[in-house]
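There are 4 protein chains.
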Amino acid sequence: SNNFFLLCGPCAIEGEEMAMRIAEKVVSITDKLNIPYVFKGSFKKANRSRVDSFTGIGDEKALKILRKVSETFKVPTITDIHEISDAHMAAEYVDILQIPAFLVRQTDLVVAAAETGKVINLKKGQFMSPESMKHAVQKVLDSNNEQVMVTDRGTMFGYQDMIVDFRGIPTMKQYAPVVLDVTHSLQQPNQSSGVTGGRPDMIETIARAGIVTGADGIFMETHFDPANAKSDGANMLHLDHLEKLLTNLVAIRKTVNSL
Amino acid sequence: SNNFFLLCGPCAIEGEEMAMRIAEKVVSITDKLNIPYVFKGSFKKANRSRVDSFTGIGDEKALKILRKVSETFKVPTITDIHEISDAHMAAEYVDILQIPAFLVRQTDLVVAAAETGKVINLKKGQFMSPESMKHAVQKVLDSNNEQVMVTDRGTMFGYQDMIVDFRGIPTMKQYAPVVLDVTHSLQQPNQSSGVTGGRPDMIETIARAGIVTGADGIFMETHFDPANAKSDGANMLHLDHLEKLLTNLVAIRKTVNSL
Amino acid sequence: SNNFFLLCGPCAIEGEEMAMRIAEKVVSITDKLNIPYVFKGSFKKANRSRVDSFTGIGDEKALKILRKVSETFKVPTITDIHEISDAHMAAEYVDILQIPAFLVRQTDLVVAAAETGKVINLKKGQFMSPESMKHAVQKVLDSNNEQVMVTDRGTMFGYQDMIVDFRGIPTMKQYAPVVLDVTHSLQQPNQSSGVTGGRPDMIETIARAGIVTGADGIFMETHFDPANAKSDGANMLHLDHLEKLLTNLVAIRKTVNSL
Amino acid sequence: SNNFFLLCGPCAIEGEEMAMRIAEKVVSITDKLNIPYVFKGSFKKANRSRVDSFTGIGDEKALKILRKVSETFKVPTITDIHEISDAHMAAEYVDILQIPAFLVRQTDLVVAAAETGKVINLKKGQFMSPESMKHAVQKVLDSNNEQVMVTDRGTMFGYQDMIVDFRGIPTMKQYAPVVLDVTHSLQQPNQSSGVTGGRPDMIETIARAGIVTGADGIFMETHFDPANAKSDGANMLHLDHLEKLLTNLVAIRKTVNSL
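Chains as they are written, first to last, in my numbering: chain F, 393 to 651; chain Y, 393 to 651; chain E, 393 to 651; chain X, 393 to 651.
Hints were generated in silico from the structure; no laboratory data involved. Careful: at least some of the hints might be erroneous.
For identical chains, the list gives no copy identity; a pair is met inside one copy or between any two copies.
Said to hold, decoys possible - With a cut-off of at most 35 Å between alpha-carbon atoms, the simulated DSBU-like pairs for lysine-lysine come out as follows:
| id | residue 1 | residue 2 |
| --- | --- | --- |
| 1 | K453 | K646 |
| 2 | K453 | K466 |
| 3 | K636 | K460 |
| 4 | K565 | K437 |
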């Protein structure tokens with residue numbers, strides 16, 4: 393259908409019930425809209441601002457929930473890894489391994505992920521130019537894995553704000569399929585509270601601009617109760633708003649395809 | 393028609409023949425596409441990097457050419473002013489007075505322009521937040537002139553690059569109609585040569601993102617021979633590419649209007 | 393004495409009494425410390441965030457106060473100009489004409505100032521690289537005026553913060569004597585209130601770093617009552633703290649001279 | 393002596409001979425100048441731009457060389473770790489464990505390092521504000537380890553440049569002793585070649601500003617043949633220039649101590 397694809401789910405796997413509930417809803421929407429869908433969930437959160445932040449429910453437990461989502465709804469899944477030893481473990485449960493933005497320069501981690509043979513999603517560091525992602529992609533290719541994509545999650549702009557540089561989308565498409573992460577691109581980091589802020593009112597603005605400039609996929613975190621999500625609540629889209637947003641994006645994509 | 397409007401022309405008025413030639417072509421395209429059109433041309437260039445850069449053909453001479461374009465093609469015109477004394481002079485010849493980005497914090501200049509009763513186009517300083525344009529707009533309103541619009545021409549990102557922050561478009565629409573300047577937003581300033589560089593390959597990327605995020609107008613410089621234009625050649629769109637670009641933007645605008 | 397020089401005074405000339413009081417105090421300190429001193433005061437404020445900000449007591453009136461300070465205390469004076477017509481007027485009263493940072497790319501203004509034969513102080517635009525100031529300096533030299541200096545007043549870092557790039561001091565010393573403006577370098581612009589904020593607690597940090605990296609002069613605004621100053625109160629140094637700060641800077645300068 | 397301390401050595405441990413040669417020279421200089429000295433060397437390089445960059449001579453082999461340097465010259469040593477499993481291993485050989493800037497948000501890694509009981513050196517992420525390092529320091533303290541310091545290695549400024557924000561030094565001194573890394577602060581990342589560039593001509597400028605604004609320590613990479621160093625050659629100080637630079641810094645520190 394030449395539609396964009398969607399990487400979507402909660403930030404962290406907080407439990408089976410919530411994961412299944414979110415997956416079911418997103419599957420029903422993406423089926424209707426013919427959007428290829430990948431369920432996203434973190435099995436642990438390793439890079440929190442503060443030591444008392446939520447870090448997960450247990451690695452194996454969370455990974456098994458990801459597998460259950462996949463088997464129940466017949467959708468592929470994606471999760472992020474933080475240590476070399478995570479790569480092999482996570483690869484047994486999910487279809488796509490994601491390298492977090494802070495870690496995309498860690499050669500050993502990228503190579504370990506690539507060597508599992510899974511699809512690799514490299515997040516552009518907030519401190520990296522679009523052009524420099526060429527070298528990150530090359531590390532995957534050099535590991536005999538050609539299934540690699542790149543996700544833009546914004547670029548640091550001063551200490552407490554991020555901007556999406558949309559020139560990066562056509563630039564990075566020269567190296568691999570490009571996803572726009574509309575959740576983390578709207579973070580406002582380094583807040584004095586130690587809790588990252590956000591601009592959720594700008595999700596649709598950024599998502600539309602991503603589609604119209606050629607993004608192959610959209611990454612988005614969603615929850616039926618963002619205010620009580622255990623992480624990243626600041627920028628999550630409420631599940632109730634997902635269908636309208638995706639409907640708009642599909643319409644824009646159809647127009648772009650016709651140009 | 394609820395279409396976007398277009399501010400377009402050469403950077404500087406280099407002479408009558410070139411102004412008329414560009415205007416005729418743009419008018420024929422915008423008539424076909426139902427795009428409200430304003431002819432743009434600078435009567436002098438005051439903020440060049442180097443003293444030996446081209447600064448104009450003479451103020452009165454250039455302004456008379458703007459008037460001739462207006463009368464010949466029945467289109468309104470816009471030009472930029474740099475000194476308080478320019479405001480009254482230019483107001484006799486053109487319909488819209490533009491305050492350059494570097495000068496938008498000069499209260500006396502903004503007020504002098506506003507007091508002519510002409511439409512005012514305030515360019516967002518490269519060093520200003522979208523939110524801070526509220527105060528610039530207020531200076532026009534406080535001068536009893538409600539005809540004011542705001543143009544984004546990018547934001548400094550490091551010394552030698554600019555980024556368009558598309559969050560700024562819905563933000564500034566709270567204050568006034570918003571135009572996206574796709575020519576100057578792609579400048580790469582502070583090059584060691586003293587000549588500003590650019591990314592003209594990104595014009596369509598940036599323009600599409602502007603339309604899809606709600607820009608009311610597009611500002612663009614064009615020339616039939618950008619390489620030999622006397623200023624800003626680095627980012628000008630070749631006149632031959634204008635129709636295709638605008639056709640694409642109109643299609644996107646129609647889709648956006650339907651959402 | 394090979395000491396640094398000081399450009400110092402209130403932001404705006406609010407009246408004769410306050411100007412004389414500040415000058416007298418600064419003169420007594422700089423005489424004791426053998427610091428060549430130039431009295432600084434703006435005769436009008438043209439680039440305020442909001443139209444209701446204080447803009448001055450009248451041009452002639454303020455310029456006459458600058459002359460009186462000069463004659464009374466035998467010190468040179470400096471003021472900033474914003475329009476071409478200001479250049480000739482101000483040159484009759486002061487010794488140094490300063491081009492504000494927002495205006496340093498306005499060729500006509502720089503040339504008009506240079507042609508008065510006065511010393512010219514070019515402030516680096518917040519959006520300019522140190523290297524690009526070479527072209528601004530060249531505009532003065534090309535106007536047959538070799539008396540030119542450059543002042544760093546910080547560089548935009550995101551929308552609401554500034555950083556001083558100390559690499560710029562040795563870089564710009566290749567073109568002209570370099571002054572560090574420790575008042576405006578600590579501004580925090582684009583605050584939602586429309587009133588620029590600041591970090592006055594960092595004045596000594598920034599000033600020390602300026603001296604140790606080779607600044608030829610220090611620019612600083614001071615007041616006996618910063619909280620009630622009519623402009624730029626956010627970063628002014630209280631006059632009572634000036635002597636201790638300058639004493640420390642002189643000690644550092646002596647050490648640097650000995651290396 | 394209330395002098396600053398020095399973390400210094402090659403970037404990577406390329407072999408025993410080179411490590412011993414560099415250590416011997418630095419020890420002789422720092423002994424003369426009464427500078428407390430810690431020998432620095434990476435036992436592996438994990439975050440290279442390209443997969444074909446040099447990554448090390450073998451972990452155990454490199455760590456044993458660090459121990460030999462320590463025993464031979466009676467100096468403490470520091471090395472950086474990249475994985476949780478590195479923490480325990482490296483702690484057997486060195487005195488200080490360093491968390492790289494890209495990894496300082498990885499809670500598990502910081503906690504694993506802290507739990508070894510070794511001194512921890514946290515590098516400020518290029519994407520972090522000075523204030524946000526408070527949370528990173530707190531993670532070490534919460535692990536019952538009070539021996540923690542913070543190192544500034546510059547802040548991203550656009551894609552291809554870094555700036556040192558010297559306001560960060562007094563800010564971070566509120567949380568822990570602060571070191572200025574004058575080597576990596578001068579990197580120019582994201583170059584199109586995939587090899588990070590630099591500004592080694594600015595080492596003394598940045599180092600002086602660090603000392604005068606209160607840095608407790610200086611971090612610097614040095615080599616007797618920077619052009620042929622296997623990593624980070626772009627900003628290394630030639631070993632022949634070290635004594636003169638440190639002599640100047642000691643003089644500045646003495647003056648600062650006396651203020």
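Checked hints:
1. K453 x K646: neither (40 Å within a copy, 48 Å between copies)
2. K453 x K466: Close inside one copy (20 Å), not across copies (49 Å); limit 35 Å.
3. K636 x K460: This pair counts as within: shortest intra-copy Cα distance 27 Å, inter-copy 49 Å.
4. K565 x K437: both (29 Å within a copy, 29 Å between copies)
Hint 1 alone, counting from the list given before, is not met by this structure.
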